[in-house]
Structures are given as structure tokens and as C-alpha cells.
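Protein chains in written order, with numbering that gives the first Met the number 0: chain A, 0 to 221; chain B, 0 to 221.
For the record, the hints were derived by calculation from the structure and aren't laboratory data.
Just to be clear, a hint being listed does not mean it is correct.
Identical chains share a label here; the pair holds if one copy fits it or two copies do between them.
[Unchecked claim] Dumping the calculated DSS-like pairs for lysine-lysine here, alpha-carbon to alpha-carbon at most 25 Å: (1) Lys115 / Lys207; (2) Lys193 / Lys217; (3) Lys217 / Lys32; (4) Lys217 / Lys85; (5) Lys115 / Lys85; (6) Lys35 / Lys54; (7) Lys115 / Lys161.
2 protein chains.
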Amino acid sequence: MDNLLSYIPFSSSLSEEEGKEVLNNIKSLSFKKGEKVNPAGECSGFIIIHSGQLKVYSLSEDGREITLFRLFERDLCIFTASCLLKDIDFSVNILSEEDSECVLIPTFIVDKIRRKNIGVSSYICSVLSVHLSDLMWLIDQILNKRLDSRLAAYLCEEADLKGTYSLKITHEEAAHHLGSRREVITRTLSYLEKEGEVELRRGEIEIKNIERLSLRAKDSLR
Amino acid sequence: MDNLLSYIPFSSSLSEEEGKEVLNNIKSLSFKKGEKVNPAGECSGFIIIHSGQLKVYSLSEDGREITLFRLFERDLCIFTASCLLKDIDFSVNILSEEDSECVLIPTFIVDKIRRKNIGVSSYICSVLSVHLSDLMWLIDQILNKRLDSRLAAYLCEEADLKGTYSLKITHEEAAHHLGSRREVITRTLSYLEKEGEVELRRGEIEIKNIERLSLRAKDSLR
């Protein structure tokens with residue numbers, strides 16, 4: 000059980016006593032690919048990812064999704080402890096994008112420790128700061144970038160994450176990810192296919208020219 | 000000089016020694032309406048607003064603006080100390096929207112105190128958290144809300160801030176604020192005028208029916 004502590008990104012800031020308290024209250028959590036992680040608004044505690052991948056997304060009234068953050072191994076999910084965070088009171092959705100193994104540090108432990116431990120408080124600050132930066136980037140993406148660049152960036156990111164150029168992504172999923180509509184994604188993908196950058200198959204997008212696609216992602220084609 | 004401390008939102012967390020250190024290094028700053036507050040990327044320190052109003056905005060490559068945050072009396076501007084914040088390394092622009100009186104706590108003082116003082120660290124966390132929440136709201140606005148609602152919300156907010164229904168706002172300014180284009184704003188304003196909610200004059204927008212405009216801002220008309 001001791002080595003669970005090593006998964007906690009702020010473990011080096013914990014006193015021996017705090018470490019014990021965390022270990023006595025930590026819980027293991029497993030999520031299947033596609034499983035919802037947290038009922039919206041539930042404030043169970045910090046989730047730390049051992050393995051797998053979580054997606055934090057927002058859902059509009061008309062059912063459109065936009066991915067706000069993606070969390071990977073050793074990342075800390077603060078949105079499952081939103082009651083501890085000032086003004087983070089609206090509901091985000093969290094989904095496990097892969098089979099994920101996580102641990103949960105319950106809210107009351109996090110709250111107790113962050114009030115006394117400056118290392119933990121600073122760590123939470125740094126997570127908030129990185130997220131703030133992510134959202135500023137996202138707003139820039141939404142407002143300024145053409146959809147073909149954003150889609151190219153998404154495909155390159157997926158290829159990198161999955162380690163393959165054959166991506167099992169539906170047009171619907173890409174639309175959700177980019178806060179767009181399926182028809183628009185289909186049109187943009189067809190354009191990328193004509194340009195020889197991808198090949199479209201049923202339920203699959205094959206990257207044919209990663210160099211050009213990466214250039215497009217960087218917004219430097221044309 | 001002592002009462003300058005009372006303007007600092009986290010002053011109650013400061014030890015006597017820290018309070019003295021802050022007072023010995025604090026600087027008064029005045030900005031004229033329309034003046035740039037900070038060369039982008041400069042990391043001078045935390046700015047706290049006595050009186051007036053600052054706007055933090057992002058600028059796209061093609062020159063469009065979008066307002067990210069508006070800061071008012073007693074608000075702390077963290078973006079002028081971005082070197083202290085993890086990953087907040089890209090440049091935002093800061094403009095004084097009114098004549099503003101502020102104080103600056105230099106970066107080295109902020110950095111020293113936040114590393115030791117959990118009250119200050121928590122306060123910075125709460126500011127980051129509120130900003131994160133603001134941006135999540137903004138993304139929701141951009142993606143989901145119709146421009147007429149967003150424009151109505153902006154006009155209502157301005158009327159509330161200025162205490163008048165005669166708003167000296169150009170279409171250009173409204174477009175900047177909402178990350179839109181002037182032509183689109185002009186079209187939307189004409190629509191609002193036809194609906195009897197505003198009257199358009201040269202360089203001025205007069206609110207004629209605040210109840211309907213507020214309803215529209217809440218997205219509940221039609």
C-alpha cells in the first residue's frame with residue numbers, strides 16, 4: 000500500500016503523519032473505457048490517475064460537447080473536488096477515455112491538508128494555473144483558428160497518444176471534441192482527404208501524410 | 000502609508016514583518032482611461048486596484064480582441080506577475096478601462112511571501128479558481144449562446160457599471176469585447192433596435208427597454 004503514495008504528485012510535501020492519513024483514507028478506483036467518472040457536481044475528492052486517460056468536458060444545452068481538459072498518468076483531477084475550489088460550482092462532465100486505474104483522496108483529507116501544508120497548496124495553485132492557461136489557449140483556438148487546423152491538431156495529438164496512424168475516431172467524436180457539428184467535420188475531413196493528408200474508412204481515419212497534417216496543425220499551410 | 004495595506008485583499012494573512020516588507024516595497028500606479036497597463040510578458044508584480052477598472056484581453060493574429068476578465072476595485076491582477084504562475088507564459092494584454100489608481104507589489108516580494116504564507120498561497124489559489132470558472136463560462140458563452148444574447152448581456156452589464164442607459168460604446172468596441180466583427184455587431188444591434196430594445200445614435204447606444212434586454216441576456220426571449 001505504501002507505494003500508492005508515490006503516485007501522488009505532491010507526496011514529497013507531505014509530513015509523515017499526513018502521509019499516513021492519506022494512505023489510511025485513499026481509495027482505488029477503476030473505470031472502464033467510456034465510463035462516466037463522476038456524477039456532475041459530486042464532490043468526492045481529488046482523483047489521481049495511475050494509468051489510463053480522463054476527459055473533462057462541458058455540455059451545452061443542445062447536447063454539444065467540448066473537451067476542456069485531458070488528464071493523463073499522474074495527473075490530478077481537481078474537478079471531482081470542486082466544492083473546495085472557489086466558484087467552480089457548475090457541473091463539468093468527466094469520462095474515462097481508456098480503461099483507467101485511479102486513486103481517490105477524499106475531500107475532507109484534501110481540505111485538511113491544504114489548509115496547513117504550503118507545498119500542497121502551491122501544488123493545487125500550479126494545477127489551477129496550468130488549467131487556466133489551457134483554457135486561454137482553447138479560447139484562442141475557438142476564436143482564431145480555422146477548423147481544418149484544429150482538426151489536424153486533434154488528429155496529430157491522437158496519433159501521438161495512440162501510437163498509430165489508423166485512428167478509430169468517428170466524425171461524431173471529432174465534432175464533440177472540437178465543439179463543432181458532425182456535418183462540418185465530415186466536410187473538413189473530405190477536404191483533408193482531397194489534400195492527401197488522410198484517408199477515410201468506415202469508423203476509421205488513416206493519416207497518410209503526417210508532415211503536411213502537422214504543418215496544417217501549426218496553421219502554416221497556405 | 001499604513002492604510003495602503005488595507006487595500007490588499009490578503010492583508011489579514013500577513014505577519015507584522017511581512018506587512019512591513021510589503022509596505023516598504025509597494026508602489027502606487029496611476030493609469031489613464033485607455034492606457035496600456037503592462038507591456039505583454041512583463042512580470043512586474045501583483046497589481047491591486049484601488050479605484051477604476053482593468054480589462055484583461057487576448058488578441059488574435061488578425062487583430063481581433065476578446066475580453067477574458069474585467070477587474071474592479073480591490074481585485075488582484077495576477078497576470079502582471081505571470082512569471083510566478085505555472086504555464087501562464089503567453090501574453091495577455093491589460094488595459095485601463097477607466098482612470099485607475101492601483102498599487103503594485105513587486106514580484107520578488109510576492110514570490111517570497113507566497114512560499115511561506117499559506118493564507119497568501121490560498122488566496123492566489125482562489126483567484127486562479129475564480130478565473131478558471133470565468134473562462135469556463137466564457138467558453139460556454141462563445142459556443143452555445145447566440146450573439147444577440149451575449150450582446151444584450153454586455154449592454155446590461157455596461158449600463159449597470161456606468162449607472163446610465165446612454166452607453167458610449169462604438170460597434171467596434173462591442174465587437175472587440177465579444178470576439179466578433181463590427182459588421183456582425185451592427186447587424187445584431189439593428190435587430191435589437193427593431194425590437195425596440197435599444198436606439199442607435201452616433202457613438203452611442205441608448206437602452207430603451209431594459210426588461211426585454213435583460214430577458215434576452217438570460218436567453219429567454221423567443
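Hint by hint, which ones does this structure get wrong, listed from lowest number up?
1, 3, 7
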